[in-house]
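With chain H held as given, fit chain Y onto it using these hints.
Chains as they are written, first to last, in UniProt numbering: chain H, 1 to 663; chain Y, 1 to 328.
Since the hints were made in silico from the structure, they are not lab data. Where a beta carbon is used, it is the ideal one built from N, C-alpha and C, also for glycine. Do not rely on the hints blindly, as some may be mistaken.
[To be verified] Below are the SDA-like pairs computed for lysine to any residue, each with C-alpha atoms no more than 20 angstroms apart in a straight line: (1) K627/H to Q211/Y; (2) K470/H to E191/Y; (3) K267/H to A331/H.
[Unchecked claim] Only part of the chain H face toward chain Y is listed, based on derived beta-carbon distances under 7 angstroms: (4) V96; (5) A139; (6) V140; (7) V143; (8) V212; (9) A293; (10) V612.
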Amino acid sequence: MTAATPTADTGAAPDQQGTLQSALQSRGLRKILILAVAAAVLVPLAHAKWSSGTWPSELTVDLNGPLGRTSDWIIDNRDSHPLFVYFLGHLSNAVVLSVRAVYQLLLLLGWTGVTAGVTLVAWRVAGVRIAATALVSFAVSGVLDMWLPTMQTLALMIVAVVASVVVGALLGLAGGLSERLFKILRPVLDTMQVLPAFAYLLPVVLVFGIGVPAALLATVVYAAPPMARLTALGLRGADPGVLEAVTSLGATGRQRLLTARLPLARKELLLGLNQTIMMALSMAVIASMIGAAGLGDRVYQALASVDVGAALAAAVPIVLLAIVMDRTTAAAGERMGADAAPSGPKLLRGWYAWAGVAVLTVLATVAGRLAGSTIWPSGWTVAIARPVNDFKEWMVDHLYSGVPVVGGTADWAAHFTSWVLDPLRDGLTALPWWGALLIVAALAWLIGTWRTALTATLALAAIGVLGVWKPSMNTLSQVLAALAVTLVLGFGIGILAAGSKRLEAILRPVLDVMQTMPQFVYLIPVVALFAVGRAPAAAAAVVYALPAVIRITTQGLRQVDPGAMESARSLGATRWQMLRQVQLPLARPALLLAVNQGVVLVLAVVIIGGLVGGGALGYDVVTGLAKGDLALGLVAGVAIVCLGLMLDRVTQPTQRRTTGKGA
Amino acid sequence: MTRTRIRVAGAAALAGATLLALSGCGKADMTKQGSPFQAAGGQRSVTLSVQTWVGAQANVAVAKYLLEHELKYHVDTVQVDEIPAWDALSQGRVDAILEDWGHPDQEQRYVKDKKTITAGGGNGVTGHIGWWVPKYWADKHPDVTDWKNLNKYADQLRTSESGSKGQLMDGSPSYVTNDKALVKNLKLDFEVVFAGSEAAQITQIQQFAKQKKPFLTYWYEPQWLFNQVPMVEVKLPKYTDACAEKGKEDPESIDCAYPTTPLQKFFNTEFAQGGSDAAAFLKNFHWTKEDQNEVSEMIASKGMSADEAGKAWVEKHPEVWKKWLPKK
Chain H
1 MTAATPTADT GAAPDQQGTL QSALQSRGLR KILILAVAAA VLVPLAHAKW
51 SSGTWPSELT VDLNGPLGRT SDWIIDNRDS HPLFVYFLGH LSNAVVLSVR
101 AVYQLLLLLG WTGVTAGVTL VAWRVAGVRI AATALVSFAV SGVLDMWLPT
151 MQTLALMIVA VVASVVVGAL LGLAGGLSER LFKILRPVLD TMQVLPAFAY
201 LLPVVLVFGI GVPAALLATV VYAAPPMARL TALGLRGADP GVLEAVTSLG
251 ATGRQRLLTA RLPLARKELL LGLNQTIMMA LSMAVIASMI GAAGLGDRVY
301 QALASVDVGA ALAAAVPIVL LAIVMDRTTA AAGERMGADA APSGPKLLRG
351 WYAWAGVAVL TVLATVAGRL AGSTIWPSGW TVAIARPVND FKEWMVDHLY
401 SGVPVVGGTA DWAAHFTSWV LDPLRDGLTA LPWWGALLIV AALAWLIGTW
451 RTALTATLAL AAIGVLGVWK PSMNTLSQVL AALAVTLVLG FGIGILAAGS
501 KRLEAILRPV LDVMQTMPQF VYLIPVVALF AVGRAPAAAA AVVYALPAVI
551 RITTQGLRQV DPGAMESARS LGATRWQMLR QVQLPLARPA LLLAVNQGVV
601 LVLAVVIIGG LVGGGALGYD VVTGLAKGDL ALGLVAGVAI VCLGLMLDRV
651 TQPTQRRTTG KGA
Chain Y
1 MTRTRIRVAG AAALAGATLL ALSGCGKADM TKQGSPFQAA GGQRSVTLSV
51 QTWVGAQANV AVAKYLLEHE LKYHVDTVQV DEIPAWDALS QGRVDAILED
101 WGHPDQEQRY VKDKKTITAG GGNGVTGHIG WWVPKYWADK HPDVTDWKNL
151 NKYADQLRTS ESGSKGQLMD GSPSYVTNDK ALVKNLKLDF EVVFAGSEAA
201 QITQIQQFAK QKKPFLTYWY EPQWLFNQVP MVEVKLPKYT DACAEKGKED
251 PESIDCAYPT TPLQKFFNTE FAQGGSDAAA FLKNFHWTKE DQNEVSEMIA
301 SKGMSADEAG KAWVEKHPEV WKKWLPKK
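If we strip away everything but chain H, and leave its shape as in the complex, we get (with noise of 0.2 angstroms):
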């Protein structure tokens, strides 16, 4: 989070940063006349041409039959050619055996062991804490009676962890060392991760077959891009002093780069690992989709019977595990950046503790055999699902309609979709494309250079070229009115957090649950709540990003300059006024990163939105998955990728930084 936010201190001085305005006002103007000048010369031309509001259909490709083509050749082939039979078909094989191995480990260590062995670890790593939140996961999970699709989604995770860390630190070293790479591999893990799951779920179905292999491929896919941006961030930033002295004893490369530089960068690979394990865990429910089973499917098929009780009780050891991993990576990376002396007595530390570790968890995995049952035993569960169904009968009757005052949160729904929704969508599709092209170009150009705004316009124009305009622009006002809402909520309760050390720790796990909570269990109640449409579409994106918006708002206002802070007190300022005028200029940077975090979140649930009535881009790549058309899922996945760049370059003025968590 600290990395997030490293120009907080800079422009602190007023004087300086009102000639930096003027500046840029009259640099903007200049901008502003430039693209007046281009606009008034290209847009009769374009007009003449092709006399269209919309994208004109001589501009478009039609990928149809290419993509079409591709996917026969794929079916035709995938029993015989060489490229599946010697190398994909190993591939699989690898991937079913490891997770085989693992999953049987698992079993053969009971409930007992794995339990045992997780609290020690988590204890060990992280301290006492989160060990005791390790042990009432696991025990959860197991009164749940959800240990078995547990253990199988746990060795899913954990071969799909080790490959994406491999495969992201390979990237990310060959980024961290060779500028040319690196440069490369940027336009790469930008796509990797703003291309929503979905869309390559289809094309890795066709090539592997559903089942664990396809799932674990789209999970690495998923999780790589964090570890390798962030194993590249750490070499690049590696103190350039401690480098120089290194060489200066006459290292070479090599030993520079395994004594100095990996050494140095050990944080943010533990920060790496830290949001791989996030991304692949938040895959796990959407990989069984495509057969992955585990924990993911038993919510995946609980929403076929429209069970919400059923798909929370297999959420909650998601959500869970997700805690517990979380916590324990992410307490390892602060003791090392601390670099604290150990502490506690000598048997603790070292080899030793490991060697404990070990030791009492095969005392425990063979105490859990001896008792009898090394699945968890059925008497100790409890099932929730038929009081969870009817606390959300309750809720929806009551909040649906005829609430005094307010009204229900159908009216709401109703009124925002006629209010917002529709104008926007109404205004964007109207927009004639070669005006929706200078819009962005002008506001990207003001905030950045001249390259984001080529960026943002090419990003936007390949939309119009791929011939899915229309529903584009309905996406587009779509994640606007959610982004809007999750703003303003996050920024008026990110602020409320600031101010109060109490409502923060409050939030804390709430927000936790809300990040790491499968979007497909929230799928029922938005819609119970809010009317099959856009307008649950709407929540289910706003709860999705609002949690990372609250966050970076509130450590933005935290980490506020308390000598700036200080003096505004001291002359006299109310509460409000050093809100207004001290606090909220000085934290403009992390504000800007939650309005991109706010963006890159609210694009993730697109799809989402799909299944409940969202339509548009959402609902094509869900159909090309649901009828196997490659051209239609993929083409939409592609343009949600465009809408995402020209959002980002639109939203992200200084110096790209790289996602801090929640990411």
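Frame of chain H; chain Y shown alone:
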């Protein structure tokens, strides 16, 4: 630079070699890969595909229970959309689909051309797709059950999503639908709103029913939801072969009702011809709409798990399933 390149190439070669060694060198058949979570130790196992609707879950629940308890198989189930399920069936990742609603393209490719999938005959249930309105509303306005009168009611069916037109709600994108063409060709003042998933559609229908609000929805039989929310079908122009033929050439031109579909079973060819008890049993699997709805209802509205529901039905109806067991 060259040195790193050599090293990278070396690493890649090493990785490739490890991969080969891991899987025992030579060919790796993509169609011969089971799930890592399959029961170990030579136990006979069958993998069934479950589709997202509850009727399909009911078939699988009963088949699974009987395979496990009468024939001593280990049964894996995989939930996937229909087209990917066909693909999985042809690859042998799945052994059987117990309820298919008609996929002529896939049949042509896999059953007729590649012969990797074998048709398994009907499962006894006849499916029907149509447009439906709630009974409480149809009782008040009996003429709403004819498509010719629908435009009169468009106003009442307006939602914020359908704008100035009436809302015709469709479900999951994987379902067979011509509703957009129908609305256009029958000149109806309606907007097709896609709920995007069956879960969303059911939730919305339940919500409408609770409020006693009118609605018009794409829906299908057999379906357990009818027991909870009684609905009446809206008559569409009669289905004819001529209309179907026309629709095959140009889906945009369809202007008649949906056909009734005897639901079909499909098996992986190798599985079907392997002569196993499981294959014989699944070929015999044949029941009625009432049977299926009984199980569906237990799963979907009585809160039983699919396994419990399958067990309950099996215990109640031995006369039906005894006939399915392969002759010893």
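Closer than 7 angstroms between Cβ atoms is the bar; does A139/H clear it against chain Y? Give me holds or violated. 22 angstroms, violated
Would the hint on V140/H stand, with a C-beta cut-off of 7 angstroms toward chain Y? Violated, about 19 angstroms.
Hinted contact V96/H with chain Y - closest CB pair below 7 angstroms: 5 angstroms, holds
Taking the closest Cβ pair, is A293/H under 7 angstroms from chain Y? Holds, about 5 angstroms.
Under the criterion that the straight-line Cα-Cα distance not exceed 20 angstroms, is the pair K267/H, A331/H satisfied? Holds. K267/H to A331/H sits at ~11 angstroms (cutoff 20 angstroms).
Hint validity - V212/H Cβ closer than 7 angstroms to any chain Y Cβ: V212/H check passes; min Cβ-Cβ to chain Y is 5 angstroms, inside 7 angstroms.
Should the interface hint for V612/H be scored as holding, given a Cβ-Cβ cut-off of 7 angstroms against chain Y? 5 angstroms, holds
Hinted pair, alpha-carbon criterion (20 angstroms max): K470/H, E191/Y. Please report holds or violated. Answer holds: K470/H to E191/Y is near 17 angstroms, not above 20 angstroms.
Can the hint on V143/H be confirmed by a CB-to-CB distance to chain Y that is less than 7 angstroms? 17 angstroms, violated
Quickly compare the C-alpha distance for K627/H and Q211/Y to 20 angstroms and report which way the hint goes. The given pair, whose Cα atoms are some 34 angstroms apart, is violated under the 20 angstroms limit.
The structure is inconsistent with the numbered hints 1, 5, 6, 7, although it conforms to all the rest.
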